[in-house]
Amino acid sequence: ILNVEQSPQSLHVQEGDSTNFTCSFPSSNFYALHWYRWETAKSPEALFVMTLNGDEKKKGRISATLNTKEGYSYLYIKGSQPEDSATYLCAFPYYGQNFVFGPGTRLSVLP
Amino acid sequence: DGGITQSPKYLFRKEGQNVTLSCEQNLNHDAMYWYRQDPGQGLRLIYYSQIVNDFQKGDIAEGYSVSREKKESFPLTVTSAQKNPTAFYLCASREQGAPYEQYFGPGTRLTVT
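Quick note, the sequences are listed as chains A and B, same order. So for the first sequence, the numbering used here puts the first residue at 1; every next one is plus one. So for the second sequence, the numbering used here puts the first residue at 1001; every next one is plus one.
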């Protein structure tokens, strides 16, 4: 079974702080790397799908980078807001269709 | 609105009973998935189906069964053979083809006592 790791496991920041966390995945047979945001009492929602080494994607204050050669992706949140509080999951598709999910990083943004 | 529904949100069962979790989607997606989440762990794949009348075991299929008689529906049965069934269960679907983004239902929390 492939191993996808995320760090830190949880994070508490103050409103306005910028933060980042990491997803590590197997660097061989890379196809894509997905990021999902999972807010409490809601369904996980896709944030980014990253496919190319050096990819950088942005959605509002959230951005992500990808390094396929060393097997990691960073997710950055600039100026965190309470509504950013969620668990952030990364997922690594294998055979292009099924996914191995990391354990997630739980972010709490304190007002 | 297109989406995935799971019912019920909370389910309580006695040990030894089989229980079926519902998952319905109106996104016209071919592929559907069942995941299980336990505290401190990522989502783990139980079963998946790429097309009607076909499904495959995931990483933790023991003690579970599924059917895929309709494109819209992918129910999961947690049998009495599942040793530790208490968990949060998520259903997902996706379109065929890249980027393989998954769409998730709201989940069912199953408690077996």
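Calculated from the structure, these hints are not laboratory results. A hint or two may mislead.
[To be verified] Below are the DMTMM-like pairs computed for lysine to aspartate or glutamate, each with C-alpha atoms no more than 20 Å apart in a straight line:
{"#": "1", "chain 1": "A", "residue 1": "LYS42", "chain 2": "B", "residue 2": "GLU1069"}
{"#": "2", "chain 1": "A", "residue 1": "LYS58", "chain 2": "B", "residue 2": "GLU1101"}
{"#": "3", "chain 1": "A", "residue 1": "LYS42", "chain 2": "A", "residue 2": "GLU70"}
[As the list claims (entries may be wrong)] Cβ-Cβ distance ranges computed for the label pairs, FRET-style:
{"#": "4", "chain 1": "A", "residue 1": "ASP17", "chain 2": "B", "residue 2": "LYS1014", "range": "27 to 33 Å"}
{"#": "5", "chain 1": "B", "residue 1": "LYS1009", "chain 2": "A", "residue 2": "SER108", "range": "35 to 41 Å"}
{"#": "6", "chain 1": "B", "residue 1": "SER1080", "chain 2": "A", "residue 2": "LYS57", "range": "30 to 36 Å"}
{"#": "7", "chain 1": "A", "residue 1": "ASN67", "chain 2": "B", "residue 2": "SER1022", "range": "37 to 43 Å"}
{"#": "8", "chain 1": "A", "residue 1": "HIS12", "chain 2": "B", "residue 2": "PHE1012", "range": "30 to 36 Å"}
{"#": "9", "chain 1": "B", "residue 1": "ASN1084", "chain 2": "A", "residue 2": "LYS42", "range": "31 to 37 Å"}
No residue lacks a Cβ here, since even glycine has one placed at the ideal position from N, Cα and C.
Checklist entry - Against the structure shown, which of the earlier numbered hints fail to hold, in ascending order? => result Structure breaks hints 1, 3, 4, 5, 6 and 9.
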